[in-house]
Structures are given as structure tokens and as C-alpha cells.
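Just so you know, the protein sequences line up as chains A and B, in that order.
Numbering-wise (our numbering), the first sequence opens with residue 612 and increments by one.
Numbering-wise (our numbering), the second sequence opens with residue 612 and increments by one.
It is worth saying that the hints were derived from the structure and are not from the lab.
Be aware that one or more of the hints could be misleading.
[What the hints assert, rightly or not] With a Cα cut of at most 25 Å, we get these calculated DSS-like pairs of lysine-lysine:
no.: 1; chain 1: A; residue 1: 958; chain 2: A; residue 2: 620
no.: 2; chain 1: A; residue 1: 620; chain 2: A; residue 2: 652
no.: 3; chain 1: B; residue 1: 684; chain 2: B; residue 2: 730
no.: 4; chain 1: A; residue 1: 741; chain 2: A; residue 2: 730
no.: 5; chain 1: B; residue 1: 652; chain 2: B; residue 2: 911
no.: 6; chain 1: B; residue 1: 684; chain 2: A; residue 2: 958
no.: 7; chain 1: B; residue 1: 620; chain 2: A; residue 2: 685
no.: 8; chain 1: B; residue 1: 743; chain 2: A; residue 2: 958
no.: 9; chain 1: A; residue 1: 997; chain 2: A; residue 2: 958
no.: 10; chain 1: B; residue 1: 638; chain 2: B; residue 2: 691
no.: 11; chain 1: B; residue 1: 685; chain 2: A; residue 2: 958
no.: 12; chain 1: B; residue 1: 888; chain 2: B; residue 2: 638
no.: 13; chain 1: B; residue 1: 741; chain 2: B; residue 2: 730
no.: 14; chain 1: B; residue 1: 743; chain 2: A; residue 2: 743
no.: 15; chain 1: A; residue 1: 685; chain 2: A; residue 2: 638
no.: 16; chain 1: A; residue 1: 691; chain 2: B; residue 2: 958
no.: 17; chain 1: A; residue 1: 958; chain 2: B; residue 2: 888
no.: 18; chain 1: A; residue 1: 652; chain 2: B; residue 2: 911
no.: 19; chain 1: A; residue 1: 888; chain 2: A; residue 2: 868
no.: 20; chain 1: A; residue 1: 638; chain 2: A; residue 2: 620
no.: 21; chain 1: B; residue 1: 911; chain 2: A; residue 2: 958
no.: 22; chain 1: B; residue 1: 652; chain 2: B; residue 2: 958
no.: 23; chain 1: B; residue 1: 638; chain 2: B; residue 2: 958
no.: 24; chain 1: B; residue 1: 620; chain 2: B; residue 2: 868
no.: 25; chain 1: B; residue 1: 997; chain 2: B; residue 2: 911
no.: 26; chain 1: A; residue 1: 652; chain 2: A; residue 2: 741
no.: 27; chain 1: A; residue 1: 730; chain 2: B; residue 2: 691
no.: 28; chain 1: A; residue 1: 652; chain 2: A; residue 2: 888
no.: 29; chain 1: B; residue 1: 652; chain 2: B; residue 2: 620
no.: 30; chain 1: B; residue 1: 652; chain 2: B; residue 2: 638
no.: 31; chain 1: B; residue 1: 691; chain 2: A; residue 2: 958
no.: 32; chain 1: A; residue 1: 684; chain 2: B; residue 2: 958
no.: 33; chain 1: B; residue 1: 997; chain 2: A; residue 2: 958
no.: 34; chain 1: B; residue 1: 888; chain 2: A; residue 2: 652
no.: 35; chain 1: A; residue 1: 741; chain 2: B; residue 2: 958
2 protein chains.
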Amino acid sequence: MTFNFSITKSTTQGRLGTLTTPHGEVKTPAFIFCATKAAMKAVTPVQMRSANTQIILSNTYHLMLQPGGETVKKLGGLQKMTGWNGPMLTDSGGFQIFSLGHGSVASEVKGRRSTNRPKTLLRINEQGAKFKSYIDGRTYFLTPEESIRVQRNLGADLIVVLDECTPFHVDQTYTQQSMRMSHRWALRSLNEWQTHDDGSQKLYGIIQGGVYPQLRQESCEFVNDHNFYGIAVGGSLGADKSQMHDVVSFTMEMVRKDRPVHLLGIGGISDIFSGVKQGIDTFDCVHPTRLARHGGALVKPANNQGTREHINLRNSMYREDDQPIENDCGCETCAWASKGYIHHLLKAQEMIAYTLVSIHNIYFMNQLMHAIREALANDTLDSCQKEWCT
Amino acid sequence: MTFNFSITKSTTQGRLGTLTTPHGEVKTPAFIFCATKAAMKAVTPVQMRSANTQIILSNTYHLMLQPGGETVKKLGGLQKMTGWNGPMLTDSGGFQIFSLGHGSVASEVKGRRSTNRPKTLLRINEQGAKFKSYIDGRTYFLTPEESIRVQRNLGADLIVVLDECTPFHVDQTYTQQSMRMSHRWALRSLNEWQTHDDGSQKLYGIIQGGVYPQLRQESCEFVNDHNFYGIAVGGSLGADKSQMHDVVSFTMEMVRKDRPVHLLGIGGISDIFSGVKQGIDTFDCVHPTRLARHGGALVKPANNQGTREHINLRNSMYREDDQPIENDCGCETCAWASKGYIHHLLKAQEMIAYTLVSIHNIYFMNQLMHAIREALANDTLDSCQKEWCT
């Protein structure tokens, strides 16, 4: 197989497509699960496939520190090494450097609370970003070229340009300067990729510009006009869901329609419906699997009195509940495990608690995306949304 | 299915049999894996079955504290609740009470180092043992009758009488007094079991007597003469492998031959061969799965220059090793995962590291027992031992 992106149906409610990679096809809209350090937390590749997963991503930042791109290459590249052997994406490393570096960007980009993480970002300039490893304190200098070189060694099908991840709180002037440097970095990434292109990887550009419409427009034009295979919508999307909806909305109006479009770091169920309606093809977020590790199981409104998107299995109300998380779920976990048993496993801190809930949440997200694709085919997205959204 | 134990072949090298339970058959000699808190650590029941597991055990002590026998019963009993649905054994709770209680018995019974655990055993007398929960400090009083009642609620096929687990360092007088109290406890356990016997569970007696031949003889006669379905060899087996071999040897000479015999807590590969030759039918030990969680993978001597029974995958020599743990292994892990990848996962503390190594070690033990059964059938146990033992 070689790369291809075909749009099979496009409506005002969203679009259906197939993203083909050398490691397999992805039916879009699709959800990309986070195998941060080249492993899904608590879930094996066999279990990922059983849960209908199409595509996963790993993080260049973590892998360049350990085990290192060269080692991954010697172990056969990400797909072979992880046993996943399906479509994969790697990010550029930028998000984690600036997130861990500023100590708070991951939260601030999404307009949330700050954290107390140690700052590991030492210096950022036109050339790139200097930072300390959180593992051994060693100093690294990540440039756009180096990010592409590391991603080449990692060997994912889809790779991403290095960008500066601008925090939410900065003003328009800073955002503009940062965006323009990210554009120059994107050109250097593109140049490094093209120089060594052997047809095994495709490069995504990233649209920056924060919450400012004219900056988003400038960034859209930049990404539209250069030879990127796909387009990622990145940067700060605002302080709340409403602003995120607006930012994605006016951004998507300007994005060219022939490339696959990825929305970075968004995975709430209502946010996915909102993104699909604006033409987004792929989503990623740690939410479904991180939630699982805290005992949160995703449920359809009908299975949760229509209140929240998940139930908390740590709650003592489930202690003697002999029913599965969802009676109408086809996942490996709901086939046999009761909420009461999982409640016990969570209290006992047994590792398979995280495995069982993760399997459910992964299957749930894949079923959600499957339902969305069916609904787009049948022009029934609104009723689909009522079934899946509170 | 109902209970049955049939010996299909018996030689001086060991014996072959089939232990039938309402939840399935166990071909003996067999290894019983420890699902301490009603879960195999890091391994799902689906993965347990794929690794050819025949039978698992859970610990009454942990489960009576959390979630409690009544809750397990409401969740359908251990086999249904855990999704295992195969043969199961529960111990009586005695080992953990005295082990955690004395702060060191688990080690001392096996003649090893002492630990610094808090002492939770408050009092022991003829009636039973009073102890504090390590979870919430609540006080419990475990009697032989209560142990059987809890085990009835848990619902395993094979259950065990409550005994006092005598430490290694005590003298013959203490050992004799303790043994005789354990015999009285065994009669009370037997009486409680018989009063409510509905055919769904069978009771094992335990041979005590420490390292003292005349005490072992007295205990063998006691267990032989009473209506126990199976016989467990327990108590202190001495300070080292040689003494353990002697104790098991003179004990087994006196054990009646028509009942299944279990050797408690022994799981080293050479110890298993030694036990099989003395007529032991089943073994249990946390070793294979605990070792896995520390990165230790069991390997045949041919795959390890004939040195130790395992390799330590944390060792940096495996960093770029693209070969599986064992090239001739048929387990799910060796089908795709390299030592280098597992080394990375262990360093990154990814949960699936423990899953992958546990799956290998479980499959390894099941293959070992399969090879032993084949060798007993073909009268080739000595050459089998050369293949599996360093």
C-alpha cells in the first residue's frame, strides 16, 4: 500500500474519507489513541486490535529521550517494535518540550489551570529549543531538522513539523511572532523531509495563530500553500468549549479541502461531534485512556441517566453491581466483567483494572467514530449525536 | 462435571493424573498460578487461557478483607466474577495472617531473611486468630469455621483447612504443639465443610510437622485417616533446597496414594522436578509472575548459556536486542515482542511490560508442566529435566 486520501462523501454535517498508509487504511472521521512512550498504557496491541482500533500515535519527545530514535530504528521502527503494525503518527516533540518546559503549557494551551512541574526548557531561539531530559538531566537541542530526523528513525507513517506551542495567556503580538517562527520552522521541517523522502512517510503542517482570526488566516494560507500532505489544527484554541468551537470554525472555513485535517489534542465526545461538523477527519487525545486509569468508564447517555460522559467505577455504589459497564457494549471487558469486580480491582490497585477499563473506553471511542461514519453516510448525524452526547 | 481424581500412570519418577472439578479438568502434574486478590497481576483471564493455564488460586485472607466473601458471592463467586471460569483453589487465610502477623513468616517458613512488615496478628489461641486489617485497621477473628464459611462464599472448587503457619526458627516442642492445634483446627474445618457440603467444593487437609520426621509422620497419619479430598504438604520445609528435598521425601513416603497431593508455595524449576519425582501432583508459587514484574523472564538453559533459570530484561545488554525472550517459545509475547522493546517498557515503567513478561512466564511454566507430563508418559523425565534445568 502507498499513501492516499480520498473523500467519499462531503456534506455540511462533515465528511467521510479513507486515509491509506503503507501500514493500512484509516476510515475517517477517526480517533487516534496515544501510545505516548511507544506503548498503550495497560493495553497490548492484540487488545488494541480487538477493540477495533485503526491508528495510534507516539510522542517524539519521550522517545528521543528513551530509548532514542536510533534504538527504535534498530528494533525495526515503531510499528514493528510495538507489535502494532498498523497506521501510526508521531508528533514533533514540540508540544511536550514547551509544555514540560514552561511547566504549564499543556494546561494553558487548553485554557486550564497551571501546574507545578519543574521547568526543563532552557532556551528557545530561531535555531530551535534547548531543554533538559526529565530522565537523566542530559541537555538536548531540538531543531526542526532534528525532529524530522528522529521521526524518520521512529518510522511512523504520518509525521508532524516542529512548532512552538504558544501558551494561552500570551497576547496577539507574541502569538504572531511565535506563529511566524513556527512557519519558518515548518519550512525547515519540510525541506529536511523532502531531502530524504523515500515514500514511507508523509508530513503534516500545523496551523497556528491562537484565538486571533487574522493570524489563523495567515497560518491557514501558509499551510495551504506549501507541500504538506496533511494539515493539523494546533495552537491555543481558547479558554472554553465555546471559544474552541469558534476558533476551529473560522479556521476550518479557510483550510483547503483536499487534505486530511487533524485536530490536535481534542477528544471529548461533544467536541468530536462539533469537530466532525466542521470537517475534521482525525482527532487525538489522552482522555479516554487516562480517564480509564482513574476508574472512569465512558458510557452512552442512555446508560447513565443522561448526565455525564462517564461513570466513576471507584464509587462505592458499584461495590455489589454485577452488571457490565454497558449492557449493550461489545467490548472484551463488558463480555464478562461486572462493575463490582472492576470496583474491587480499582480499590486493590490491581493492574488489570486499568486494562479492563481502558479496553472498554478504546472500544467505546472506536464505536463512536464508527457510528459517526454511519450517520454521515445516512445523513443522520443529529440523531447520532443525541444517542452519544449528553 | 463432578469431582474426580484419577491416576493414569504411576512410576518411581512421578505420576500422571487428571483432577476433575465442576469447572474443568486439570492434567497433573500441574502448576497453580496465584491470583492473590482475585486477579492475576497484569494478566487478563483471556490472556491466561491463551497461555494454556489450567488452574489458578486466590487468597482468602486478602479477599475476606476486600471485597469480602459476601460481596464475591453476590458477584457470582470467584470463577464468574474473575472471568476465569476454570478450576480454582483458595487457601485458608492462615498463611497470610501468620506471615503478615509475625512480620516475617513468609520468609521464615522458607528459611529466608526477615522483613520489617508491621505486625497485624493480635492474638492466637485455640479458638482462632485475631488480627487487624492492613487496609482499614478493622479487627477480624478468623476461626477454622469462619475460614470455611468465607471460602464457601468465594466458591472455589478446592478449598483448604485453616492451619497455624509455624515459623522456621521454632523448636520441636513448639512445632508439635502448633501441629496438634492445626489438627484440631482441621477437624473443625472438616466438620464445618461436611455440615454444608453440597458437592460444589472439596476440602484439602494440610500436613504439618516442620522438619521433624516423627511430627511429619504423626501429621501424615492424621491427614491420611480423615476424610479430606486432597492433601497439601505445608509448614516449614527447612532452611535450604537440600533440606526441603529431604522433608518432602520422607513426608511423601507416608502419604496415601489415592488422593491429589499439593506442595504449598514451591515453584522453582528444579524444585518442581524434585517434587514430581516424589509424587507431587500440583504446585503453586508467586515466583513466575512476581519475577515477571521485576523484569525477570524464565528461559530454558539452552537459551541462557545454561546459567540461571531466568534473564533480567532490565539489563542494558538487551537495549538493542531485536530477538524475542526465547526464539522457540510459542507464547503471545515471543510472537512479536523483542527483548529490546521490553527493556524499554521496563525502563519507562509501562504497565504492559509486566503483562508481556508475565504472559511469557505463565506460558513457560505451563509448557514445563506439559513437557513433564509427556516425559512421564514416555519414561524420559531425566532427559526432560536436562532440557529445562540448569
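Hint-by-hint comparison with the structure:
1. 958(A) / 620(A): violated, 47 Å
2. 620(A) / 652(A): violated, 35 Å
3. 684(B) / 730(B): violated, 30 Å
4. 741(A) / 730(A): holds, 12 Å
5. 652(B) / 911(B): holds, 23 Å
6. 684(B) / 958(A): Holds. Residue 684(B) to residue 958(A) sits at ~18 Å (cutoff 25 Å).
7. 620(B) / 685(A): violated, 50 Å
8. 743(B) / 958(A): holds, 18 Å
9. 997(A) / 958(A): Roughly 34 Å between the alpha carbons, so the hint for residue 997(A) and residue 958(A) is violated.
10. 638(B) / 691(B): With Cα atoms ~22 Å apart, residue 638(B) and residue 691(B) stay inside 25 Å; holds.
11. 685(B) / 958(A): Roughly 18 Å between the alpha carbons, so the hint for residue 685(B) and residue 958(A) holds.
12. 888(B) / 638(B): Given pair residue 888(B), residue 638(B) holds - Cα atoms ~16 Å apart, limit 25 Å.
13. 741(B) / 730(B): Given pair residue 741(B), residue 730(B) holds - Cα atoms ~12 Å apart, limit 25 Å.
14. 743(B) / 743(A): violated, 47 Å
15. 685(A) / 638(A): Given that 25 Å is the threshold and the Cα spacing comes to 31 Å, the pair is violated.
16. 691(A) / 958(B): Holds: residue 691(A) and residue 958(B) sit about 19 Å apart, inside 25 Å.
17. 958(A) / 888(B): Roughly 42 Å between the alpha carbons, so the hint for residue 958(A) and residue 888(B) is violated.
18. 652(A) / 911(B): Cα-Cα ~30 Å, so violated.
19. 888(A) / 868(A): holds, 14 Å
20. 638(A) / 620(A): Holds: residue 638(A) and residue 620(A) sit about 12 Å apart, inside 25 Å.
21. 911(B) / 958(A): Given pair residue 911(B), residue 958(A) is violated - Cα atoms ~37 Å apart, limit 25 Å.
22. 652(B) / 958(B): holds, 19 Å
23. 638(B) / 958(B): Answer violated: residue 638(B) to residue 958(B) is near 38 Å, above 25 Å.
24. 620(B) / 868(B): Roughly 12 Å separates the two Cα atoms, so the pair holds.
25. 997(B) / 911(B): Holds, because 10 Å separates the two Cα atoms, which is no more than 25 Å.
26. 652(A) / 741(A): Not satisfied, since the Cα-Cα distance of roughly 28 Å exceeds 25 Å.
27. 730(A) / 691(B): Violated, at about 49 Å.
28. 652(A) / 888(A): The given pair, whose Cα atoms are some 30 Å apart, is violated under the 25 Å limit.
29. 652(B) / 620(B): violated, 35 Å
30. 652(B) / 638(B): Satisfied, since the Cα-Cα distance of roughly 24 Å is no more than 25 Å.
31. 691(B) / 958(A): Holds. Residue 691(B) to residue 958(A) sits at ~19 Å (cutoff 25 Å).
32. 684(A) / 958(B): Judged against 25 Å, a Cα distance of about 18 Å means the pair holds.
33. 997(B) / 958(A): Since the Cα atoms of residue 997(B) and residue 958(A) sit roughly 44 Å apart, the hinted pair is violated (cutoff 25 Å).
34. 888(B) / 652(A): violated, 43 Å
35. 741(A) / 958(B): Status holds; Cα separation ~24 Å.
This entry does not satisfy hints 1, 2, 3, 7, 9, 14, 15, 17, 18, 21, 23, 26, 27, 28, 29, 33 and 34, going by the numbered hints stated previously.
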